[in-house]
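Q: Here is what each chain is made of, one letter per residue.
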Amino acid sequence: MSRTPIELEHVSRFYGSGSQQVRAVDDVSFTIEPGETLCLVGESGCGKSTTGRMMAGLLEPSDGRVLYAGSDVSKLPEEEKKRFRRAVQIIHQDPYASLNPIRNVTQILSAPLRRHKLVKSRSELRNKVHELLETVGLTPPEDFLRKHPHELSGGQRQRVSVARALTVDPEVIVADEPVSMVDVSLRIGLLNILLKLQQDLGVAFLFITHDLAVAKHFSWEGRIGVMYLGRMVELGSTQRVVREPVHPYTRALISALPEADPGLTRNKERLRLRSPDIPSLLNLPAGCPFHPRCPMYEEGLCDTDRPAEDAVDLDGHLAACYVAARELGQEDRIPESSRIAASEARRRTA
Amino acid sequence: MSELAGVTQGAGRNEVLRVRDLEIGYSTDRGRVRAVRGVSFDLEEDDSLAFIGESGSGKTTLGLSLVRLLPQSASIAKGEIVFNTSSGGELDLTDVDDETLRRFRWRECAIVFQSAQNALNPVMRIRGHFADTARDHAESEGVLKGRALTERATECLRLVQLDPERVLKAYPHELSGGMRQRVMIALGLLLNPRVLILDEPTTALDVLTQRAIIEVLTELREGHRFAMIFVSHDLSLAAELADRVATTYAGRIVELGDVEQVFYHPRHPYTVGLLDAVPTLAGEHQELSSIPGSPPDLIDLPTGCKFHPRCPYATDKCREKDPPLIEVAPGQTAACWHWEKVGSDWEARGGERHEQDANRA
Amino acid sequence: MARTSVPATGSGALEVLRKVASSYLFRRLIKALVTIFVMASLTFFLIRLMPGGPVEAYIANLVSQYNVSQQAATQQAASLFSLDLDAPVYQQYLEYLGNLVRGDLGESLVTRGVPVSEIVLSYLPWTLFSVGTALIISFSVGILLGMIMAYKRESKLDHILTNLGSMVSSIPDYLMGILIVVWIGVQWELVDITAMRGSLSPGIQPGFNLTFIGDALYHASLPILAYVLGTIGVWMLTMRGSTESTLGEDYVTVAKARGLKERRIATAYVGRNAALPPFTQLSISIALVFGGSLLIEWLFVYEGLGYVLYNSIQQRDYPVMQGVFLMITTMVILANLLADLLYSRLDPRIRVGGRD
Amino acid sequence: MAAATGESRYRDSAIGRFLARFASTLKLMARNRVGFAGFLLVVTIVLFSFVGPIFVPLDETVRVSQIYETPSLSHPLGTDSEGKDVLSQIIHGGRPILTIGYLAATISTIIAVMLGSLGAFLGGRIDTGFTWLADMVLTIPQLPLLAVLAGILSLNSKLAVAGLIGALFWPTLMRATRAQVLSLKERDYVESARALDLGTPHIVFREIAPNMAGYIAINFTLAVTASMYAVVGLTLLGLVPLSQDNWGVMINLAWTRGAIFSKDSIFYIMSPIAAIALHQFGLVAMNRSLSEVFDPRLRRGS
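Residue numbers (numbering that gives the first Met the number 0), protein chains in the order written: chain V, 0 to 349; chain G, 0 to 360; chain A, 0 to 355; chain P, 0 to 301.
The shape of chain V in the complex, shown without the other chains:
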């Protein structure tokens, strides 16, 4: 299976209309390179799951395009569309809802194999099912063939979910919070399986999580995208985003996260937010949506224009913040209107 990049180009998703319109995802762009890992991190309601579903072709973007090998997915010829459809698979968060309670493990795994004629005979089908169960660490496979979902533990179900995604040899797997409902002591086992798939089969991952520590562990070699109220506020390599976060929201997330180490976590310097509560998607504040809570808020600069995804661009490490742009000497990327508003505000208060 040749590997092709998948790109989201200014993709948005709106719900409702007029004054009741909610912009769940608002003008997000990034590309998943073959074999790469990109983590989408953000609080609930920030649009990371919706973005994941659009990447997997399961949800039509209201605006912008999803490109598979450079061409718009909705305009692909039928054959190409089928290839894209199978190239991106999805794993869900809730182990109890991701498997159909009435079908047993064999039925779940053999449906795609039979449907796409990936196996010629019953014996080949059985071998393939055994092989899949072994890849996801459900050994000995015979124990699981007849099992129904309610006879499996949460961790085991997630592994069946991964095996199901592997049946069609996907190029990219969108993993939507796959470990957040699994016991901490078992999470790493599941993450290691996904990492092994990447090394052995070169599968790319769009890994969605609200936990920065899990993102750092899983995508150490890859990239992290931080989302807030439907927008990508920071995008860069994991090690740089974690060590030198640019956007104040990312800094706030990093400083707020408790660590499983008393000495460390009790002395961590905390970023004080101006307000603990998230504004509602129904009436978003003007300019940068984080400004009502942002400790680095500057009147005029932050509440005039909405910072673009690449307001700051440190050779690929993007952040949507004008204050950061000014501090990092990229003032020229700040639009005129914000600069004027900022200087007026300074004159008023001076």
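Hints listed in this document are in silico derivations from the structure and should not be mistaken for laboratory results. Some hints could be false.
Below, a sample of chain G positions facing chain V; criterion: calculated Cβ distance under 10 Å [what the hints assert, rightly or not]:
#: 1; residue: Gln160
#: 2; residue: Ala238
#: 3; residue: His284
#: 4; residue: Leu287
Heads up, the beta-carbon is just placed ideally off N, CA and C, and yes, glycines get one too.
Starting from the known structure of chain V, fit chains G, A and P onto it as the hints suggest.
A: Using the frame of chain V, we list chains G, A and P on its own:
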């Protein structure tokens, strides 16, 4: 080493709560679930004790039993739960009449649940919740109505950084998850309880809201004289808020000690397993490992030590005899026959990861 | 801190208009009017477009039996349906609607010259009174019993009431009526059944005096009993189920944790929330109970709309049939509206959204 | 896992799976005593009414001397106002009523499931349209409309009556089905089936429909009770001129001929009422154990 070794002897600072050999089971159609199998601990006046455990550890059952809020199918088979009430008398919750229990609840010991999602009555304004609580404790707390009630409620809501004007007249569905959780904490403070129990207080919340709740709880503890018990699967919450930590597995405490002891000098393989499985944000990329096997089935538990099927140190002795809590250091106990070996392995490799961070503490 | 948009005075009127237009009440009214309109058209077209339909049959009947001339028969049919039959259908339809809007439902065929609207309005209060009282009694008693059954779950009382409830709810209300007549009336002779029939004893004049009210209650008691027995089973079972699930809700456990008194929890926490699901079912059963009035009133010779409808069907008095049917439908719609409004008062989550 | 290969192959085949599923469903239904009793009651009444007439001839002979006889060996349920045997009338009286009742329930279930799942699956204007139509039909008082239509149209064929009743009883069923399909459609396993490109037929019939089976069964029994209510009511009012006599007509005759008011006609009057009430009660009770059978939480136990 007697069964009670795990409990600090002597009066020490004045004690709020004493639990001895508590056993709780549920009757289900698949058999009897032994959720809590002999738990003992003490709680001092301004102590903060964390119970860390995963699914099947019985930690929530333990939390609920401290205010006798177990579902009908549950029954306390053995043991005692003794509170030193603010009026000086001792009260054993395992045999108390309903009215005394009702009066005891919230006045002496309040509890905040995990899913603040529907912990508040959806058809009643927040003010109504404060009024109800005050009215039904009028005999013991003195009548608190009208202006006095509003003032007291406003004070509690301010303590948890909420805007009283807006919140008091709001309905629960008009507040966000984080705000509802803080309302629950404010309600908990209304009658100045001696103990506040928090069952997974931050699990359903986002990182920034979680941070706000942790800060509220930390400030409250400094200002107020109340003890705190919280129950969670999240080790980092214990690291943030706890003075003492108890790791629990299959219905029993497997390790109990001060937070530095348990995090930096663990002596039970399960605690070590947990510490090795939790990714941290600070520092370089660590090699993490899962605990093999899956959570225990509380109906047919293995023989001997319940952790032996998943434990790298398991020997025949572990498979036959269930170890009691053994004193491994002053104030620290662990239920493991091979705690010395576990300790020496940990110290050998533990040096580079934890110790030097602790020195900065 | 979210900025609330205060409409400038200029656009105030527009804003208010928009708010009303999108308001819950307005949409429900529109829906009700459209339903009535559709019902009226349904009965109109059914009569008109049936091949060899009743209009033609009526004319043929007049011609053959009373050897009335074809022309005169058509003329009479026109007055019967109060419109000109020769005109094209759509014109008849418009005329029919015109009359409807002016409240003119045509004239009764049987009692010449008496406008249908007069008949309908005179019998309406009896049905409203009997069905209304029955609904209130059966709903409140059913809710109470349901809660008791849930609180005393798996006890002997719970088992008896549950089986009784499902038995009662499976027997149609009109069969319940017959059982009342047979057992209470004839077999056990607890009550003089023949005297109780009809909605008013002869010689009693309607008016706000005790004798009238006493007599009206006396006559209405059996129909009300039939309605109550016909519907109470459903409320008991629904309320038992919804109370059982409410008892498992977090806010009830938290209320106990807050040391609230048992009575307070049972009313303000459990009762208030558990009553919501059965309340939503109220609007469905209103249509059923009003429908059932046709049979109950026939059984007890209780002169309400159902009784009138039955007679008009027997006598093929089409205008009265149409008029009574429209009135019953309107009453059901208004009752539903009332139930929904009450519900939005009870559940704050609905009031804000306004979405039904 | 040493199940004999023969046995496992048998269990794998479609019939095998169906029989196993049927056996386990029966076992589950038996868990609720009252529910199972209800199920048996309904089965016996239906069998009685459809098979009975073949063996028991309808007693037409008028015996003036034996009016309202109390039950005896020759007349287990006594005799009617013309001395005719009541039991034979009960046996013959079931079929017309039950046929219409079950036919109408089938029609309304089909309409409800189609409109409900189509609306839920396609969403948008179609969905709002269907829901609106359902709400409107819900506000029509069914019995009066049926009575009016019966008065206007001549309803002699069973199919016409069943069709009419069915056309009025589908809304509550449709709303329930729509809610169920809406919730199933959003389930994660349906989304992953779409991602695996398993095709809409697979999703509808393999992922969604099996989860709906229980739901439809429960709603079907509710529909039968509702249509029985209507058909008995109409026959009672004499508005549906069905040729042979049936339970409804028996009650109508008892009523119009004043049999109700004579003391010793109790068995004659109570027999049809009991037959109808028992059948309805059987359905309602059966529903309770059906809902347990199809309750996913319970499947976890089996």
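Q: The structure should be examined with respect to each hint, and the outcome stated for every one.
A: Cross-check of the supplied hints:
no.	hint	verdict
1	Gln160	holds, 6 Å
2	Ala238	holds, 4 Å
3	His284	holds, 4 Å
4	Leu287	holds, 5 Å
Violation of the numbered hints given earlier is absent; every hint is satisfied by the structure.
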